[in-house]
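Asks: Sequence:
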Amino acid sequence: MTPAGSETKNDVNPPLWLLAELTYRCPLQCPYCSNPLEIAKYKDELSTEDWVRVMQQARKMGATQLGFSGGEPLVRPDLEELIQEARGMGYYTNLITSGVGMDEARIKRFKDAGLDHIQISFQASNEELNNFLGGTKTFEHKKEMARIVKEYEYPMVLNIVIHRKNIDQMRDILDMTVELNADYVELASTQYYGWSRINVDQLLPTREQLAKAEKIAMEYQEKLKGKSKIIYVIPDYFEDRPKACMNGWGSIFLTIAPDGTALPCHEAGQLPIEFPNVKDYSISDIWNGSPGFNHFRGFEWMKEPCR
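The number in this note's numbering is simply the position in the sequence shown, starting from 1, with 144 added.
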């Protein structure tokens, strides 16, 4: 059934990217975390059967890429089962993890289950700052996991969230990724939602820091061309106009929160908009007909003279 009060839009393209936020539980305590503050509200997580149903419905619509995220998805004991199910459906699967809770035995199980891609996050380029920002002693473990991931012939993908506390380490961070033989490096600018919004005064880089970091990133992009791909999207903190986000609202990206709430992007839940739950509606009805997903589609919602 289409959610009440909604209008189905038949010209909407199907979702291509499904982000499964399996849990908001996490062993780290990063001050830049953009997960919701009211984590207790999401304690009733979807079951294995719920997630399999969601994956099937999204795949039937045309979704091809699937990210397992959190929180820390490794805390879910059914992760290997979900990976295997997704593989059988034909998804390209990506695990987005801190590496905490992972060891070689589990990496092997992921490989056997058919996982395509593991992305490991670091907080900084040195042990002291990395462990301080994460609130746990994880730096050496992360490096070891990165090496083992490479040994199992996964694409070596490293992610570092950039903010005022580590942006001046940009050169050291990129040298670390070279040391770990990374194939891809995502230098992700902090998104100021959730906990990071509370800590924005301590985390927002200066204009000068951003300019210096951009110059270094471009230098390494050129130096490592053909060896490692460095992705650094320059933030729009100091621009007159914000950049477009997520290729458009409800365009290609579908996020499912741990409790089953469906979102057009992983921060949309913080807006004063009601979003449907996969426990109540199918992915097709949610994507095509829910008021939440249609809220900012097209141009009708815009006021003049912007329309």
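These are computed hints drawn from the structure, not numbers from a lab.
All C-beta atoms in this analysis are idealised placements derived from N, C-alpha and C, irrespective of residue type, glycine included.
Treat the hints with care, since some could be wrong.
[To be verified] Pairwise CB distance ranges (calculated):
#1 Asn421 / Lys356: 22 to 30 Å
#2 Asp247 / Asn275: 36 to 44 Å
#3 Gly206 / Asp247: 29 to 37 Å
[What the hints assert, rightly or not] Here are the simulated DSSO-like pairs of lysine-lysine, each with C-alpha atoms no more than 30 Å apart in a straight line:
#4 Lys294 / Lys187
#5 Lys252 / Lys204
#6 Lys387 / Lys281
#7 Lys423 / Lys387
Asks: For a quick check of understanding: which of the numbered hints are violated here, in increasing order?
Replies: 1, 2, 4, 6 and 7
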